[in-house]
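Chemist: What follows is each chain in one-letter form.
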Amino acid sequence: MLEVEGLKKTYKATKAVDGVQLYLNHGESVGLLGPNGAGKSTTISMMSTLITPTSGDVRYNKKSVLKHPDIIRPVLGVVPQEIALYEELSAYENMKFFGKIYGLSGKKLEKKVDEVLELVGLSDRKKERIKRYSGGMKRRINIAVALMHEPEVLIMDEPTVGIDPQSRSYILDMVRQLNREKGMTVLYTSHYMEEVERLCDRVYIMDHGHIIASGTKEELKNILSGEETVFVEVQQMAPGLVEKLVAHEAIQKVTEVEKGYKVIATKGEDLLADIFKLASTIDVKITGIHVQTPTLEDVFLHLTGRKLRD
Amino acid sequence: MWNMLKKDFLTISRDRSEVLVLLVMPFVLIAILGFALGGINQENQGIAEIPIALVMSQEFDQELAAFEQRLEQEGFPIEMINQVIESAEAIDPATMLKDLLLTPELEGTINTEIGYQLTEAQQALQDDEIAAIITIPDQFSYQTLSAIYLDEEPKVSIEVLVQDYEQIRSDVIESVVTNFVDQYNFETSIALATGGEAIETAVNTEGFGETTYLSTQEPVSAFQYYTIGMAVMFALYVAATVSSNAFKEKETHVFARLMVTGEKPIRYLISKAVSATVLTALQLAILFVLSGVLFQTFANQSFSFWLEMSVITLSFALTVGSVATLLTAIALQFNNDAISATFSGGVVTIFAFLGGSFTPVEQISPVIRMLGNWTPNGAVMTAYLQTIQGLSFDAVMPMIYRVLAMSIVFISVAVFIFPKRRLA
Ligand SMILES: Nc1ncnc2c1ncn2[C@@H]1O[C@H](COP(=O)(O)OP(=O)(O)OP(=O)(O)O)[C@@H](O)[C@H]1O
Ligand SMILES: [Mg+2]
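Chains as they are written, first to last, in this note's numbering: chain L, 4 to 313; chain H, 132 to 555.
Treat the hints as calculated values from the structure; they're not laboratory data. Values in this document were obtained by computation on a predicted structure and should not be read as measured data. Treat each hint with caution, since some may be false.
From the structure, some residues in chain L lie toward chain H, with a derived Cβ separation under 8 Å [unchecked claim]: (1) 81; (2) 83; (3) 89; (4) 90; (5) 105; (6) 231.
Even glycine gets a Cβ: it sits at the ideal position worked out from N, Cα and C.
Whenever a hint applies, use it, and build me the whole structure from the sequences.
Modeler: Set out below in structure tokens:
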């Protein structure tokens with residue numbers, strides 16, 4: 004339904020987006036994962052006709068959105084990464100304003116405002132100015148405004164940055180509900196792996212302007228099928244251990260985590276024993292060791308050698 | 132569009148500092164300046180009395196005698212000649228102009244000196260003792276009478292020589308004379324139902340401004356002066372307010388959001404013009420009404436006075452709207468709100484000074500007045516003051532055309548530089 008082809012955007016020296024290829028099928032929930040500066044927002048801006056690509060095209064139902072921006076605008080709901088609301092106006096006024104911009108009016112508008120307020124769970128505080136809202140509430144209204152015209156496709160750019168776990172969980176449930184019950188097509192951008200794992204059927208992983216991997220969650224994790232992730236908990240952090248571990252032929256990557264190290268290694272019989280042995284040679288006390296099935300985070304780490312977030 | 136306006140109005144009116152700048156400050160200043168300067172200038176507010184010289188290069192008795200002789204030569208019956216000569220005194224234009232200029236109603240506006248010889252008057256004009264010379268040439272009465280009764284082309288005309296570095300003075304003088312001529316033509320053509328045609332006493336208007344008409348009124352009071360001065364000055368701030376509000380929309384990403392909805396940039400830009408226009412009109416109306424109610428600034432004014440004031444106000448509001456559009460276009464295009472700050476921090480003050488918001492600048496220098504009349508606020512200030520002084524609307528129109536022309540220029544430039552479709 005929505006296809007992105009060879010999309011590029013260059014700002015002077017920076018290639019913000021460098022040949023992105025992706026598609027959304029009707030009713031799908033797709034994740035777009037990537038670290039800061041990967042080019043996610045820029046991709047979304049081009050998809051929503053806000054900025055002009057340097058090259059490439061976006062097609063909606065086979066028609067070029069570049070040439071006909073008006074075909075996609077009414078079906079698209081965009082939740083920007085930033086809070087894009089009138090701070091001086093109340094939630095109710097903001098929603099009414101944007102509702103009217105989308106051509107709603109009268110009873111239908113009022114009904115829609117109530118309905119969406121209900122959905123984001125802020126009916127009782129609708130008269131308050133956005134200024135006085137908490138971060139989480141602002142985020143919810145930021146989403147609410149994009150839902151006023153019942154968009155067919157909802158594009159969300161990190162809709163949960165910097166908010167409390169409850170609001171976050173609320174939003175995730177809400178998006179899932181929109182996708183499952185209303186059949187809304189969702190493109191969900193985040194650098195939180197858990198969110199994407201929870202919400203999305205398919206995932207694109209983006210870095211440095213490129214899509215570096217794509218597929219269903221299972222497909223992506225299969226990239227790591229030959230590998231396992233081991234958490235090594237130690238009493239005291241020991242850089243010496245890292246050196247030893249990295250030197251081990253089965254181990255590909257070692258990263259520092261809380262209270263220990265995360266080790267990605269090729270599956271093998273005696274890995275755990277080897278780790279204990281290595282530790283004991285330099286007198287490092289291991290307090291725990293856990294083997295984990297890979298997450299998308301691990302996939303990302305594997306692909307880029309970096310963590311999604313610092 | 133209404134939706135956009137309502138949003139602008141709400142966001143601006145909920146900002147307390149904006150309300151303070153746009154309404155409270157000018158009002159306080161009107162009160163302060165009005166009271167402070169009202170006392171000092173009691174007799175002589177606004178423009179000073181204009182000294183002029185009326186030079187009579189003819190003797191009416193001689194003219195009349197010559198005319199009588201002429202009628203005799205033409206062979207008119209004696210009773211008729213007597214009748215004509217008798218009524219001639221009543222319709223002699225030179226006498227009537229003299230009477231008009233000396234009428235008590237003009238006191239405070241024009242001070243007419245008679246008895247100057249032409250050369251003395253010219254010297255006085257050069258020495259700035261007088262502002263204008265009105266000359267009734269030799270044979271003027273004779274020729275006018277011949278024109279009326281004998282249907283001859285008059286060969287001489289009243290000459291008005293104005294030292295025209297003060298626009299308003301030349302307007303006043305010219306208006307007195309032209310008005311007189313019109314009135315004279317009208318009255319004589321009615322009086323002489325004998326088929327006599329109106330005289331064609333041309334006023335030599337060369338060397339000074341447009342024709343204006345004067346019905347003498349109170350001079351401008353300090354309250355009137357500063358109500359207008361502060362109102363036109365603070366109206367300019369509306370433009371900066373609207374443009375920084377627009378920039379805030381861009382900064383807080385609501386502008387991007389609007390563009391994603393498919394809202395056309397040009398419509399957005401127009402909404403800014405309309406917002407600023409409506410806000411300015413409201414602001415000016417509130418200031419005028421408040422000043423009128425609390426200080427009796429515009430007591431006993433006619434309906435047509437208010438109509439004219441409204442036309443000027445709307446024209447100015449439109450101009451402020453266009454300035455707002457231009458500032459918005461610049462701020463959004465260059466992604467920098469320095470323009471609004473520069474405008475409200477410096478340009479407004481300079482314009483307000485040039486336009487005469489702080490003090491009647493024509494008293495400092497006619498050049499400043501001339502410059503001031505090329506600022507939107509200065510031009511409408513002149514228009515407002517002319518209206519308050521009772522100049523006819525025709526006299527006010529040039530300034531209105533001027534600000535409307537400015538508006539068109541500003542809007543065109545704004546549309547030209549504003550991004551047409553996308554942000555980048
Ligand atoms: N207007 C711009 N001018 C210059 N460079 C830009 C512009 N917009 C984005 N970039 C650059 O393009 C790259 C991609 O930015 P983008 O905002 O798309 O990343 P992102 O994946 O959304 O990151 P984040 O997770 O931090 O939101 C960054 O290096 C950024 O600095
Ligand atoms: Mg981003």
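Chemist: Each hint needs a verdict: does it hold in this structure or not?
Modeler: Taking the hints in turn, this is what the structure says about them:
1. Because the closest C-beta pair between residue 81 of chain L and chain H is about 5 Å apart, less than 8 Å, the hint holds.
2. With its C-beta approaching chain H no nearer than about 5 Å, residue 83 of chain L sits inside the 8 Å limit, and its interface hint holds.
3. Using the Cβ-Cβ criterion of 8 Å, the hint placing residue 89 of chain L at the interface with chain H is satisfied: the shortest such distance is roughly 6 Å.
4. The criterion of a C-beta within 8 Å of any C-beta in chain H is met by residue 90 of chain L, whose closest approach is roughly 7 Å, and the hint holds.
5. Satisfaction of the interface hint for residue 105 of chain L is found here, the shortest Cβ-Cβ separation to chain H being roughly 6 Å, below the 8 Å cut-off.
6. Hint status for residue 231 of chain L relative to chain H: violated, with the closest Cβ pair at about 43 Å, above 8 Å.
In summary, the one numbered hint that this structure violates is 6.
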